[in-house]
Amino acid sequence: MDQRPDQTAMQAATVTRHGFGAGLLAALPVLLAVAPFGLIFGILAVEAGLEITQTMAMSSVVIAGASQLAALQLLTEHAPALIAILTGAVVNLRMAMYSASIAVHWQSTPMHWRMLAAIVLTDQSYALSIQRYRRHPGESLGDRLGFFFGVGSLTCCVWILATYLGATLGNRIPPGWGLDFVVPITFIAIVAPMLRGRANLLAAAVAATLAVLLSGLPYGMGLLVAAAAGIEAGFLVPTAKEHNQ
Amino acid sequence: MIPDWKIWTVIAGLAVVTYLIRFSFIGLLAGRRIPAGMTRALGFVPVAVLPALIAPIVLSAGDGSLSADPQRIITAMIALAAGAATRNVLAALVAGLATFLVLGATGL
Numbered sequence: 007m008d009q010r011p012d013q014t015a016m017q018a019a020t021v022t023r024h025g026f027g028a029g030l031l032a033a034l035p036v037l038l039a040v041a042p043f044g045l046i047f048g049i050l051a052v053e054a055g056l057e058i059t060q061t062m063a064m065s066s067v068v069i070a071g072a073s074q075l076a077a078l079q080l081l082t083e084h085a086p087a088l089i090a091i092l093t094g095a096v097v098n099l100r101m102a103m104y105s106a107s108i109a110v111h112w113q114s115t116p117m118h119w120r121m122l123a124a125i126v127l128t129d130q131s132y133a134l135s136i137q138r139y140r141r142h143p144g145e146s147l148g149d150r151l152g153f154f155f156g157v158g159s160l161t162c163c164v165w166i167l168a169t170y171l172g173a174t175l176g177n178r179i180p181p182g183w184g185l186d187f188v189v190p191i192t193f194i195a196i197v198a199p200m201l202r203g204r205a206n207l208l209a210a211a212v213a214a215t216l217a218v219l220l221s222g223l224p225y226g227m228g229l230l231v232a233a234a235a236g237i238e239a240g241f242l243v244p245t246a247k248e249h250n251q
Numbered sequence: 004m005i006p007d008w009k010i011w012t013v014i015a016g017l018a019v020v021t022y023l024i025r026f027s028f029i030g031l032l033a034g035r036r037i038p039a040g041m042t043r044a045l046g047f048v049p050v051a052v053l054p055a056l057i058a059p060i061v062l063s064a065g066d067g068s069l070s071a072d073p074q075r076i077i078t079a080m081i082a083l084a085a086g087a088a089t090r091n092v093l094a095a096l097v098a099g100l101a102t103f104l105v106l107g108a109t110g111l
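In order, the protein sequences belong to chains S and H. Residue numbers 7 to 251, in my numbering, belong to the letters of the first sequence in order. Residue numbers 4 to 111, in my numbering, belong to the letters of the second sequence in order.
Hints were generated in silico from the structure; no laboratory data involved. Virtual Cβ for every residue (Gly too), placed ideally from N, Cα, C. Certain hints may be false.
[Stated by the list, open to error] If you want a taste of the chain H side facing chain S, the calculated C-beta under 7 Å gives, among others: (1) I29; (2) L31; (3) L45; (4) F47; (5) V61; (6) L83; (7) G99; (8) A101.
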């Protein structure tokens with residue numbers, strides 16, 4: 007693979023206003039999904055005992071809802087900090103896949119843009135950008151980066167803003183409302199639409215069953231073991247291609 | 004009460020690790036291809052981790068022991084069914100929250 011940045015591409019690698027505007031526009035519909043989760047995280051974090059500064063800091067520097075909720079859940083269960091971080095990290099491992107998949111479209115992008123881009127690589131910015139790159143294969147690198155940053159910056163701003171609203175709202179909700187069960191409802195809502203096909207269903211079933219059986223293990227370690235077993239189980243199901251061979 | 008140092012440690016640690024995951028193939032390993040097997044394994048991460056997080060909470064009594072609380076179990080089933088049927092995260096969330104509230108209000 008040719009890795010030398012060629013001159014013309016280098017020059018084109020200025021993020022364009024045109025691309026950025028298109029990204030902002032494309033992000034509007036997904037804000038409907040981002041905002042409620044930000045609200046929920048803000049409310050739950052404050053209910054769990056985090057201060058508003060801590061809640062805001064988490065949403066601003068982690069910018070990954072599911073992992074934030076997972077870490078929060080483990081903190082409230084008094085798991086060690088390391089386990090909370092590890093679990094959040096495992097939840098975010100899917101982003102390595104996004105990183106590899108989107109990097110192919112950003113060849114010869116200067117390092118400073120790559121470092122910035124990594125901050126706002128989320129489910130939304132990845133999904134919308136990849137969709138755009140497939141539909142408009144001739145677009146310049148500057149337009150492509152602009153689009154990504156348009157989606158990424160808007161969704162992240164709304165994420166942080168919604169967290170703030172949730173946190174201030176959460177401060178007014180008296181404790182003991184049984185809000186703790188909102189976390190699993192949120193996770194079920196995220197995962198249910200993904201449960202397609204035998205391999206995914208098996209991975210989910212194995213992970214869920216083992217997690218219940220191992221829930222007595224100290225420090226929330228059962229969760230990590232169960233997740234690893236689930237991934238392995240899904241991986242062992244032959245793909246349709248292998249099956250037909 | 005969760006100690007302050009612990010909250011800040013988790014925030015900082017999760018931020019750094021998450022940034023490194025995001026930056027992995029964009030920057031650290033730029034130009035390298037991700038092995039096909041790894042892509043496939045990573046695809047199973049959400050469908051394994053999230054159910055592993057969910058199941059014990061649905062079936063827990065809050066003190067580490069298992070219990071079958073109808074409000075929790077029915078809510079989970081409805082949210083799951085709504086998400087699977089509509090393929091829509093928001094629809095599943097609304098269905099789950101509504102079920103939980105209604106069951107709570109009726110005292111089930």
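Hints, one by one, checked against the model:
no.: 1; hint: I29; verdict: holds (5 Å)
no.: 2; hint: L31; verdict: violated (9 Å)
no.: 3; hint: L45; verdict: holds (4 Å)
no.: 4; hint: F47; verdict: holds (4 Å)
no.: 5; hint: V61; verdict: holds (6 Å)
no.: 6; hint: L83; verdict: holds (5 Å)
no.: 7; hint: G99; verdict: holds (4 Å)
no.: 8; hint: A101; verdict: violated (10 Å)
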